[in-house]
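Visitor: Okay, here's what each chain looks like letter by letter:
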Amino acid sequence: MTIEIPEQPMPPAISRACGLLSAAERHESDLTDSAAVRAAGAAGDALDTLLDVTPRYAPFDQGAPPRPLAAVEPDARAALAQAATEATSAEAALRIARALRALDEARS
Amino acid sequence: MSYESDLSRFASRVAGMISEPPRLNAADLPVADAARLAIRRWCRQVLADVAATDMPPDTGLANLATDPVGTLRRLLEVDPEPFGEADPTDVAFDRTVVSDGGRQWKTLRVEAVLVAHGWASATPGTRPDGDARWSVVADVAAIAEAATMLDRDLAHLHPRAAESGSAQHRIRDSWEIAAVAEHVRHHAARGALPPPEPLRSSRLLPLRVQSPEGITPALGRLAELIADARHLRPETVSALAGAHWRTMLALAETIEARTGPADSLAKAMRVNAAALRRMQPAAREVVSIDHPDPRPLRQANQIRRVLADAEQHPTGTRTTVILLQAVRPALEVVPALRAAIEKEADAGRWYTRTQPGSTTWAPTNSTADFQLLATARRAAERTQHVLEQLPEQAPAVTALHSPRAVLNTELLNRDRQRAGITRSP
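Quick mapping for you: the protein sequence lines, in order, are chains A and B.
Take the first sequence: its letters are residues 214 to 321, numbered as in this note's numbering.
Take the second sequence: its letters are residues 21 to 445, numbered as in this note's numbering.
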């Protein structure tokens with residue numbers, strides 16, 4: 214038996230950030246390098262946080278080639294900063310702050 | 021291991037409080053009552069699990085000779101009569117105490133609850149069987165007997181409070197249980213117990229992890245909890261994978277710290293961690309509408325909390341050795357996760373999109389081919405390869421003192437010594 218799951222469109226700034234974070238999450242240059250695995254994991258954690266909404270977001274573009282987190286992080290942070298100014302609820306602003314924190318933890 | 025060490029520490033605290041009865045302010049009596057209740061509950065739970073006899077009718081000590089364990093169970097079946105005015109079940113764990121004695125009782129309560137949790141968390145297979153159950157009965161008897169001494173100390177310290185409630189219950193709490201427990205303890209070396217009732221697997225609980233020593237058994241329990249889970253949502257699997265690849269990386273770094281950066285096992289652990297990490301994005305393509313079993317994630321979080329702490333502070337040689345023992349159980353979590361994903365896919369409780377971009381989702385089945393399943397299978401294959409190359413390791417053994425050893429006869433006979441009696445010429 215199939216089910217219908219409603220979806221909402223993703224705000225453009227969130228979509229941009231998710232695309233960049235997805236590229237970082239898929240980047241695996243050296244599997245034996247802990248820092249590289251942790252960076253990709255941090256991008257994934259930030260992405261999971263941004264996607265944790267109800268109704269869920271419609272699929273976003275994941276076609277960008279894999280890139281290291283360090284390369285995409287400035288643009289991702291800028292996109293998240295813009296998304297925070299456009300947030301329409303405290304919950305959305307908090308979600309963006311948690312995603313930024315996940316990126317911060319990758320640095321520590 | 022956690023249960024035995026907790027029990028040993030708990031028994032030592034009881035012994036200390038018998039040797040030097042704590043001065044307890046009347047305001048702290050509810051805390052003592054809560055501790056007494058926790059001890060009583062642990063005693064009866066353990067006896068019910070290892071000596072599940074039909075309890076004799078409530079005829080006091082009449083059946084002591086023929087059914088000592090049943091008589092003890094009957095006496096312990098009733099909650100202890102409170103000294104304070106508050107309901108012991110309503111006393112908060114963080115309740116403020118005003119006396120040193122109150123602090124001791126508060127700690128004793130926490131330790132009793134942890135011991136009870138440790139007992140309840142044990143897998144059915146690790147429970148004592150056959151004659152070994154008599155050792156457990158004797159330990160319970162020693163604790164129950166010691167608890168009556170603590171009750172007598174409280175009554176001596178607060179005589180007015182001891183006059184409240186049922187006088188019959190006061191006698192039971194302070195002397196009847198003591199007499200029966202002593203009898204059981206003395207006879208615990210002989211006789212057969214009735215077979216215990218099989219334990220329900222739903223009692224499998226996460227293990228508490230307080231130090232690196234607890235990580236190895238907790239990882240074993242994590243695999244058991246994943247296998248035992250009623251249902252795992254894809255996001256639960258993602259969170260488990262997210263916690264566990266970090267555990268694998270931490271273990272890889274521990275191995276390297278001991279053997280150097282060229283260690284092949286450390287490299288293999290990192291590759292396994294990366295394989296596990298790929299399950300996180302794959303899990304986003306699957307959904308479930310059922311409630312998840314929270315136990316595996318609780319266990320994984322317990323492990324992560326202690327490992328994250330160990331990562332931030334330099335670990336000594338001993339901790340390194342302890343963490344090296346965790347490599348095999350950590351690897352064994354991965355095939356457990358794959359099996360759980362296959363089970364969920366077979367059960368049709370997970371849904372994937374009918375086509376890319378569609379808002380219609382269809383249940384998975386045994387022939388389903390979705391990315392999360394494929395990723396989990398690849399990760400498990402890699403792990404299996406590493407597991408086959410690992411040498412078997414013997415479990416670590418630590419000497420612990422049982423309650424019977426801590427609460428020895430001399431201590432338990434404290435109130436039964438008669439001074440001044442001399443042998444007749």
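There's no promise every hint is true.
One side only, chain B facing chain A, incomplete, derived with CB under 8 Å [unchecked claim]:
id : residue
1  : F113
2  : A293
3  : R369
4  : F390
Distance ranges between label pairs, derived from CB positions [said to hold, decoys possible]:
id : chain 1 : residue 1 : chain 2 : residue 2 : range
5  : B       : A140      : A       : E241      : 37 to 47 Å
6  : B       : A112      : A       : I216      : 38 to 48 Å
7  : B       : Q375      : A       : R320      : 51 to 61 Å
8  : A       : E220      : B       : H311      : 17 to 27 Å
9  : B       : A112      : A       : A291      : 16 to 26 Å
10 : B       : S284      : A       : E241      : 11 to 21 Å
Simulated from the structure, these hints should not be mistaken for laboratory data.
Note that the Cβ used here is the ideal one computed from N, Cα and C, for glycine as well.
Visitor: Starting from the hint 16 to 26 Å, judge whether the C-beta atoms of A112(B) and A291(A) obey it.
Guide: violated (48 Å)
Visitor: Under 8 Å is the threshold here; is the Cβ of F390(B) close enough to any Cβ of chain A for the hint to stand?
Guide: violated (15 Å)
Visitor: Check the following: the C-beta atoms of A140(B) and E241(A) are separated by a distance inside 37 to 47 Å.
Guide: This hint holds: roughly 42 Å between Cβ atoms.
Visitor: Confirm or reject the claim that S284(B) and E241(A) have a C-beta distance inside 11 to 21 Å.
Guide: Since S284(B) and E241(A) have Cβ atoms about 19 Å apart, the given range 11 to 21 Å holds.
Visitor: Have a go at the R369(B) hint: is there a Cβ in chain A nearer than 8 Å to its own Cβ?
Guide: With a closest approach of 12 Å, the R369(B) hint is violated.
Visitor: Against chain A, with CB atoms and a cut of 8 Å, does the hint on F113(B) hold up?
Guide: violated (30 Å)
Visitor: Starting from the range 51 to 61 Å, see whether the pair Q375(B) and R320(A) falls in it by beta-carbon distance.
Guide: Violated, since Q375(B) and R320(A) (Cβ atoms, about 40 Å apart) do not stay within the stated range.
Visitor: That 17 to 27 Å hint for E220(A) and H311(B) (C-beta), does it hold up?
Guide: Between E220(A) and H311(B), where Cβ atoms are some 22 Å apart, the hint holds.
Visitor: Is the hint on A293(B) kept, meaning its closest Cβ partner in chain A is under 8 Å away?
Guide: holds (6 Å)
Visitor: Within 38 to 48 Å or not, the Cβ separation of A112(B) and I216(A)?
Guide: Given about 43 Å between the Cβ atoms, the range holds.
Consistency with the previously given hints fails for numbers 1, 3, 4, 7 and 9, ordered from lowest to highest.
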